[in-house]
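**Student:** Each chain is listed here by its residues.
Number of protein chains: 2
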Amino acid sequence: MQKRTAFFVSDRTGITAEMLGHSLLTQFDGVRFNEVTLPFVDSLEKAREVVERINHQGTADGARPLVISTLARTEIAQAIGQSSALFLDCFEIFISPLERELGIRSSHAIGRTHNVSDFVNYHNRIESVNYALSHDDGVSNRQISDADVVLIGVSRCGKTPTCLYLAMQFGIRAANYPLIPEDFSTMRLPAQLRSLRGKLYGLSIRPKRLQQIRNERRPGSQYATLANCEFEVREAEALMRQEGIPFLDATSKSVEELATTILHEAKLVRRIY
Amino acid sequence: MQKRTAFFVSDRTGITAEMLGHSLLTQFDGVRFNEVTLPFVDSLEKAREVVERINHQGTADGARPLVISTLARTEIAQAIGQSSALFLDCFEIFISPLERELGIRSSHAIGRTHNVSDFVNYHNRIESVNYALSHDDGVSNRQISDADVVLIGVSRCGKTPTCLYLAMQFGIRAANYPLIPEDFSTMRLPAQLRSLRGKLYGLSIRPKRLQQIRNERRPGSQYATLANCEFEVREAEALMRQEGIPFLDATSKSVEELATTILHEAKLVRRIY
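Chains as they are written, first to last, in the numbering used here: chain A, 1 to 273; chain B, 274 to 546.
Below 30 Å or equal to it, Euclidean Cα-Cα: the simulated DSS-like pairs (lysine-lysine) are:
hint	chain 1	residue 1	chain 2	residue 2
1	B	K540	A	K46
2	B	K276	A	K267
3	B	K472	B	K540
The following label-pair restraints were derived from C-beta to C-beta distances:
hint	chain 1	residue 1	chain 2	residue 2	range
4	A	R194	B	S458	48 to 54 Å
5	A	T186	B	S458	52 to 58 Å
6	B	A511	A	N215	44 to 50 Å
7	B	S407	A	E243	27 to 33 Å
8	B	S468	A	H108	44 to 50 Å
9	A	Q82	B	H329	42 to 48 Å
10	A	N55	B	E318	44 to 50 Å
11	B	A511	A	R194	52 to 58 Å
Think of the hints as simulated: they come from the structure by calculation, not from any bench. Cβ coordinates follow ideal geometry from the N, Cα and C atoms, glycine included.
Construct the complete structure from the given sequences, taking the supplied hints into account.
**Tutor:** Here it is as C-alpha cells:
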C-alpha cells in the first residue's frame with residue numbers, strides 16, 4: 001500500500017485546512033496517509049522551517065509529501081511552494097477568481113480577527129457554552145424558556161455533546177432534558193417541557209448501540225440491559241410521535257451532523273459566523 | 274458598498290465549506306456579504322432546488338452570487354455548476370491534481386464515514402467531552418491524574434470552553450482547575466496539582482477584560498472590581514512563573530486559537546482525526 005505524508009499548513013489554527021484536507025484524502029482508498037497539521041506559520045522564518053521539515057519527510061518517505069494549506073499572505077505561500085511537495089493552497093487558488101469576480105483586490109492579510117464582530121462572536125460563544133453547561137440534563141429547575149432549542153431523549157443518546165457543539169459552532173442556546181421511565185408511565189411530557197413544545201427536538205438511538213454506551217458507563221446494570229434500552233427507546237419514540245416532536249436517529253451520525261441537521265430543520269438563528 | 278450573497282454548499286454538514294469560505298471573504302473589505310450555508314445537498318433533486326435558489330437570489334441582488342462548495346460526487350457538483358453563480362468547488366479543484374500525484378482515481382463518494390475509525394473517533398470525542406464536564410473547575414476530588422492536560426488560571430479566564438474545544442475537536446482529556454486567592458497567599462500550587470506539574474498549562478487574561486466578563490456574571494461584586502482582577506491576574510502569573518508553568522494570554526485569542534496552541538505547545542497526542 002502506498003504511504004504518503006500530508007501536511008496541513010496554515011498561518012492560523014489550521015483547522016480549516018485539516019478538515020478540508022482530511023475529507024479530500026478519504027477519497028483515496030489505496031493510500032495510507034500520515035496527516036500532520038502545522039498551525040501558526042505566520043512568518044517567513046517559520047515558513048522556511050516548514051519547508052525543511054517537508055523536504056526531510058519526503059526523503060524519509062521516498063515519496064513527495066502533499067501540502068494542503070490556507071495561507072493568506074502571498075509571500076508565505078510562495079515560500080512554502082518552494083518545497084518538494086505537491087502544494088495546494090486554498091487561498092492562492094480561490095482568491096484570484098474572487099478578485100476578478102468582485103472587481104477588487106483582496107487584502108492578503110493573516111487572520112482578520114479581533115475586530116468588533118469577533119468580540120461579539122466570542123461573547124456569544126462563551127455565553128452559549130455556559131448556557132449549555134447550566135442547562136445540561138435538566139439540571140435544576142432553572143428556567144429553560146429562554147433556550148433556542150431543547151433536546152430531549154433517553155439518557156446517553158448524545159444530547160450533551162450535541163448541545164455543546166450547537167453552542168460552540170453556532171452560538172445556539174441549547175438546553176437538554178432527559179426522558180425517563182416515569183415519563184413513559186404517564187405518556188406525557190415532563191411538566192417543564194409542556195409549554196416549550198415548539199422548541200423541542202428529539203434524539204433517538206438504536207437500542208443495541210445504547211446498550212453498548214450505557215454498559216461502558218455502568219457495566220452490568222439493569223439500566224444498561226438490552227431489554228431496558230429497547231423499552232426506553234420504544235417508549236420515548238412513541239411519546240415524541242404522539243406529541244408531534246421531530247426526532248433524529250443519532251446512532252450513526254456524528255455530532256457535527258446532528259447539530260447541523262437540527263440547526264437547519266428547526267430553523268434556528270445562529271449567533272456565530 | 275457592493276453587496277453579494279455567498280452560498281456555502283455541501284453534501285455533508287457544510288462546516289468545512291463555510292469555514293473556508295468565510296475566511297476567504299474576510300479578505301475583501303469592500304463588500305458586504307450575505308452568507309448562507311446549504312448542507313446535505315446529496316441528491317440531484319436537492320441540487321436542482323439549490324440552483325433555483327441561487328439563481329433567484331442573483332436576480333434579487335442584481336449581482337451573481339458566489340458558491341463555495343465541498344461536493345464529493347461529480348454529478349452533483351456539475352448540477353450546481355449550472356447555476357448563474359461563480360462556482361468554486363474544493364473537491365473539483367483539488368481532486369484532479371491529487372489523482373495525478375497519487376496515480377490512482379478517487380472514489381468520488383459522499384461522506385466516507387461510519388467506518389471503524391469513525392466509531393473510534395465518536396467514542397473518543399464523547400469520552401473526552403464527558404471527561405471535560407466531570408473535571409470542570411476542579412469539581413469534586415476526582416482523580417485528575419489521568420488528564421492529558423490540566424488548564425489552570427483565575428476564575429473566568431476561559432478555561433472551560435478551551436477544555437471543551439480540546440475535547441470536541443481533538444479528543445483530548447482536558448481538566449481544569451481554578452487558581453483562587455487562597456493559593457496566592459501561600460504562593461503554592463493547590464495540593465492536587467503538585468504531582469501533575471508536567472501536565473499543567475496556564476491561561477491568563479488582561480485585568481480589564483476579566484473585569485468586564487466577571488461584571489456581566491456578578492455585577493457590582495468585589496470579585497469583579499478592577500483592583501481585584503488586577504490582583505488575581507498578577508498573583509496567578511507570578512505563581513505560574515515561579516512554578517515554571519507555561520501560560521498563554523487568552524484576552525484576544527479565540528477558543529480555537531487557544532486550544533490549537535496548547536495542543537501543539539504541550540505536544541498533546543490527539544485522539545480524533
